[in-house]
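Protein chains in written order, with our numbering: chain A, 1 to 321; chain B, 1001 to 1275.
Since the hints were derived computationally from the structure, they do not count as laboratory data.
Here a beta-carbon is modelled for each residue, glycine too, at the ideal position from N, C-alpha and C.
Mixed in with the good hints there might be a few duds.
[Stated by the list, open to error] Output of the computed footprint for chain B on chain A, the stretches with three or more beta carbons under 8 Å from beta carbons of chain B: (1) 94-102; (2) 116-127; (3) 236-243.
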Amino acid sequence: MEMSQFLVEIKNVWKSYEIRSFWFKKQKFYALLDVSLKISKGEVIGILGESGCGKTTLGKIILDLEKPDKGEVFWFGKNLKYISRREYKSLRSKIQAVFQDPYSSLNPRYKIKDILLEPYFICIENNKKKGLEKAKELLNQVGLDQNVLNEYPHALSGGQRQRVALARALMVSPDLIVLDEPTSALDMTIQSQILELLKNFKEKIGLSYFLISHSLPVVFYLSDWIIIMYLGKIVEICKKEFFNSVDHHPYTLMLLEAHLDPFSKKPPFKKEIKGEVPSALFRPSGCVFYSRCKERQKMCLKKSPKLRKINNLQYIACFKR
Amino acid sequence: MKILKELLNHKIGLISLCIITILAILAIFAPYIAPYDPFGINVNEILQPPSLKHLLGTDLLGRDVFSRMIYASRISLEVSIVAVGISVSIGVFLGALAGYFGGIVDQIICRFIDIMLCFPTIFLILAIIAYLEPSILTIMIVIGSTSWMGVARLVRAEILSLKERDFVQIAKVYGASSFRIIFKHLLPNALPPILVSASLGLGQAILIESALSFLGIGVQPPTPSWGNMLIEGKETLEVAWWLSVFPGLAILITVLAFTLLGETLQDILNPKKEK
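Using the sequences provided together with the hints, build the complete structure.
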């Protein structure tokens, strides 16, 4: 079986949800518009954006928890539309996930032992002894005591639960983990511990991450590539090392400005951030960012800018860049 | 176990649990507890009022009411437990299917529930029984198969909210089958409300069984049930009040106990309750 160099590839994916607004009138609202991206082995891709911009939907498309309306999803070069059941099953375990809320991501009626063993039994082999060995080893690696194996999730703290969730994802030796805001429900000190853990695993076993977050520092800490989304569209893709030295999409600039710096002498928001995110239901016809953009022109109202390659390390969807 | 402990700390819960336990003991050990044969006719002791010899008096044929009531509790509990078993099984199965798969499956099951709910239960049962031979088994099946709609709706709603929880999504990510997700992840977490409705259902089933027996299409004499004892006493209510009053009280207390147990469980199992 020839393996593609990309773990996951997404081509021109559209995803909409239906909302019933009045009686029988159905309205479509697009969570993703024409999104394409590729994830290579060992790479960490960070997705930044406001709530409701389609970050989580994108994660679910990658995990095949949601099917796209249009467009294609490839796992290891295999199109999910035409994949055989057996192949699907063998690839399924290669892409795992850790979600935001550590309180809802563990089944409250399972012991930690069973939480960790279930994926192992399903994906690897039905061998309790080996499974337990692996579970203990992973608990050790994520910094938890072996005693928790016989506990129920309610006995653990948020940070401990998130470690268990990470260990569960690692039980099946995945190549890619989708991290949907893995730290935003945790305390600051625990956030940094979890981030450290994630970085260690990346360096040690060459894990790839698809990191969804709205926190700039988290994304900066882990990512190789940073993707900025706005209202269901990718507005910028940029290599991290390159990030500080180039000009950005107006929305990215706005995000950077809005970021708080505790040691700055300047007032936190030197320029006023104007406007609200337009409703996804009444999507503007031109550029999605028009209503809040400082550099808008007349043409931005008529046409929507496509993602253009600026150079090998940066792609921007804006007419002025 | 935790539930039992909390139940014992709850005043009403403890009382209802005690009543149900006593009833269960009476029903299980009926042959050892009943002082007389429930079918034993004794012409010399017709319509005796309650006394030490006959605790709850005797009926028109001189049978001991206390003994008959103990045997009747057997029938009533048996019928209600099996009926609730049937209704919970059907309800959980259909509710889980509808909630988990959604779409067209959900539509079909929900419409079916709506149709079933259009008929008043008691008339539906009357209509079915009119075609079938009344026996204890048919009564169990008929009560069970006409009272599952509430459970189905409850389970459906519960599953709908549970399946969006992260641990279910993750189970899908590591490739757990739908069967496993429903039975290992969803239903165990939907157990508390199912327990509550089963407990409430037990009271209802006893009530329906008594009503059917009262109408003469339930448990057939001479087999005693609280319902048919009630109607047997109706004729002689003016001279022998004990024939109707005691079975009526038994129904009242039992139904009340099950209903209160259900409500206590609801209290205990509701995570949002204030302690």
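Verification of the supplied hints:
1. 94-102: holds (count 6)
2. 116-127: Our answer is that it holds, as 4 residues pass the Cβ test (under 8 Å) against chain B, meeting three.
3. 236-243: violated (count 0)
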